[in-house]
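Visitor: Sequence:
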Amino acid sequence: MKSPANSSWNLPLLRRATLDAFRKLDPLALWRNPVIFATALGAVAVTLVALRDAASGSLSFFTVQITAWLWFTVLFANFAEALAEGRGKAQADSLRRARSQTFARRLAKSGTEERVAAPDLRKGDTVVCETGDVIPADGEVIEGIASVDESAITGESAPVIRESGGDRSAVTGGTRVLSDRVVIRVTVEPGGGFLDRMISLVEGAARQRTPNEIALGILLVAMTLIFLAVVGTLPFFAGFSERLAGQPNSIDTSVPVLVSLFVCLIPTTIGGLLSAIGISGIDRLIRRNVIATSGRAVEAAGDIDVLLLDKTGTITLGNRQASEFIPAPGVSAEKLADAAQLASLADETPEGRSIAVLAKEKFNLRQRDVAEPHATFVPFTAQTRMSGVDLTSDVGGVPPPRTPTRSIRKGAADNIRAWVESQGGRFPAEISAAVERVSKAGGTPLVVADGPAILGVIYLKDVVKGGIKERFGELRRMGIRTVMITGDNPLTAAAIAAEAGVDDFLAQATPEMKLQRIRDEQARGHLVAMTGDGTNDAPALAQADVGVAMNTGTQAAREAGNMVDLDSNPTKLIEIVEIGKQLLMTRGSLTTFSIANDVAKYFAIIPAIFAALYALAGTTTGPLAALNVMALHSPQSAILSAVIFNALIIIALVPLALRGVAYRAQPAAALLRRNLLVYGLGGLIAPFIGIKLIDVALVALHLA
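To convert, note that position 362 of the sequence shown is 361 in my numbering; the numbers rise steadily by one, no gaps.
Since the hints were derived computationally from the structure, they do not count as laboratory data.
Keep in mind that this is a model prediction, so the values were computed, not measured.
All residues carry an ideal CB built from backbone N, CA and C; glycine is no exception.
Mixed in with the good hints, there may be bad ones.
[Stated by the list, open to error] Distance ranges between label pairs, derived from CB positions:
hint : residue 1 : residue 2 : range
1    : T111      : V462      : 49 to 59 angstroms
2    : R523      : A625      : 48 to 58 angstroms
3    : A244      : V598      : 24 to 34 angstroms
Sequences and hints are given; from them, build the entire structure.
Guide: Shown next, in the form of structure tokens:
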């Protein structure tokens, strides 16, 4: 999904956007953007005047240029939208290639297989997929386990495991089975699959205008109507002023001039970029492998003020790591580490490997290769809740019998206590205190015993991800409160919450508790976001304002959320919030710039129109010429320069609309001040400089 082909400025994409810009001249397409539609109507009016003048032989070069630049304004606005859509269409093309024509092995009720085309599958059908098969449709694994290549969807080359039951049962049509055999129940009707929805979304076909977009659109329409009324009454005011001054025909109120004034005063800049800003927000999510089911979800992400995050895999690494050896009285820490490492030789879990690593780091103890005849490894089981090794020595005989010399165990405190006492040993009070201390600190204690002797405790710590505390600090500065959700007991949850820097936590959380917490926050007026991957998370995901489902999760979770993270990385939620806020910041910044821009263009065109009014005898300009602060060459060059600048500024701002305004974690008040300073002041100054430079160029080229 992330490829150079999807860059905004590659030649095929620019060519496609240019053609689409002309296709969007269709009135039915233009009507969706009232500001640009009004601009197009103005261009049509000036075009008709130009054709009339050409027929009568009185066509001026000024009218020709105004006509051309008005159409350029419309085309540039269409180009901005087409370029944003084009990136999505390029991604949709790559997804279509992933969804090649596929056949399925459908299971009949009798248990026999039949070969059918993938589009013929219906919801509820069961299909068999084996090594090398393309999964024909979205569904859930109901039997078996397999390694699946999802690179066509996620862009990640590493295969994933899909198995029946649990939270990793969902599969996506278009992915490929790399090993083993699974039976899949289809969960969607034809055309309703995840890949189909992705293609529709990235192409923009399913993009609906968000509430903020609608509200801003209403404001822009209102401003357009106001300026339409102003420009429509201007000829009457001009005629009255001419009669009052006794200077007939001193004010040019021709159609090209009035349309130029109208187009330059209405908010064409933000009108031309508004759609591109919304599409690019969804596109930025797609580039991070997140699919939003609507623009409303992206916008809501920018407004949320409460984040609910799972502890495991989001705040912590999810794999507990050995952090300390706590020896029993009379036992050295090195002896404890040596025994713990021996007991972990056959332990391939992250916890077991971390014990070996800690022993090496603290005491330079290297892992030993223990010959199989001299070691019997005791695997961990849910019943014994401990593991270890029995070391033996040879004592004569053919074959020589093996006599255990050491029996080392590590595991849960209660189970090790029972095992030690069965060996005739005792459990020291100091070890009980150490176990309790580790538990209260949010860790997991493992006790190590060598036969009847307790050697000490291993402190396993659920490691908080590096930098997560700083990220939560950024969110706090933006006014977002973070809540950690965990199944841990309150003591453990409090310890990890304090270390991670979250604002609140919900311990021993059940699905009902998650759902109730979201409802409580929403009842207090907050917008809530959360992540989830299991069927038990579906109610909470559906209730949250922004529900991010993991792609590895169940079908129920993916359907309940309004976003799907293809990478299944719960920390992506923080990036989603940043993208949502960036979208809102970009829209606000460019709206501020556009309105300030219009104010500045007023000082270019109005003085040009009324420059000759009330002129004294022997002069060509009247007192209103004092408003010509840019010292533009002539009324015609002033009007033409303003129209050209109005068109070019849309193209100049396209990269900013697509990329987004630089994100900063700041409160709303600080962002408003920054917007007014940078984009408000910039919007006022830029036209003065730009229009003056264009005026100089037009005069130098003898175009005005």
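Visitor: If a hint holds in the structure, say so; if it does not, say that too.
Guide: Here is how each hint holds up against the structure:
For the hinted restraint 49 to 59 angstroms between T111 and V462, the CB-CB distance of approximately 52 angstroms keeps it satisfied. Look at R523 against A625: about 57 angstroms separates their beta carbons, and that is inside 48 to 58 angstroms. Distance hint check for A244 and V598: the Cβ-Cβ separation is about 27 angstroms, which falls inside the suggested range of 24 to 34 angstroms.
No hint from the list above goes unmet by this structure.
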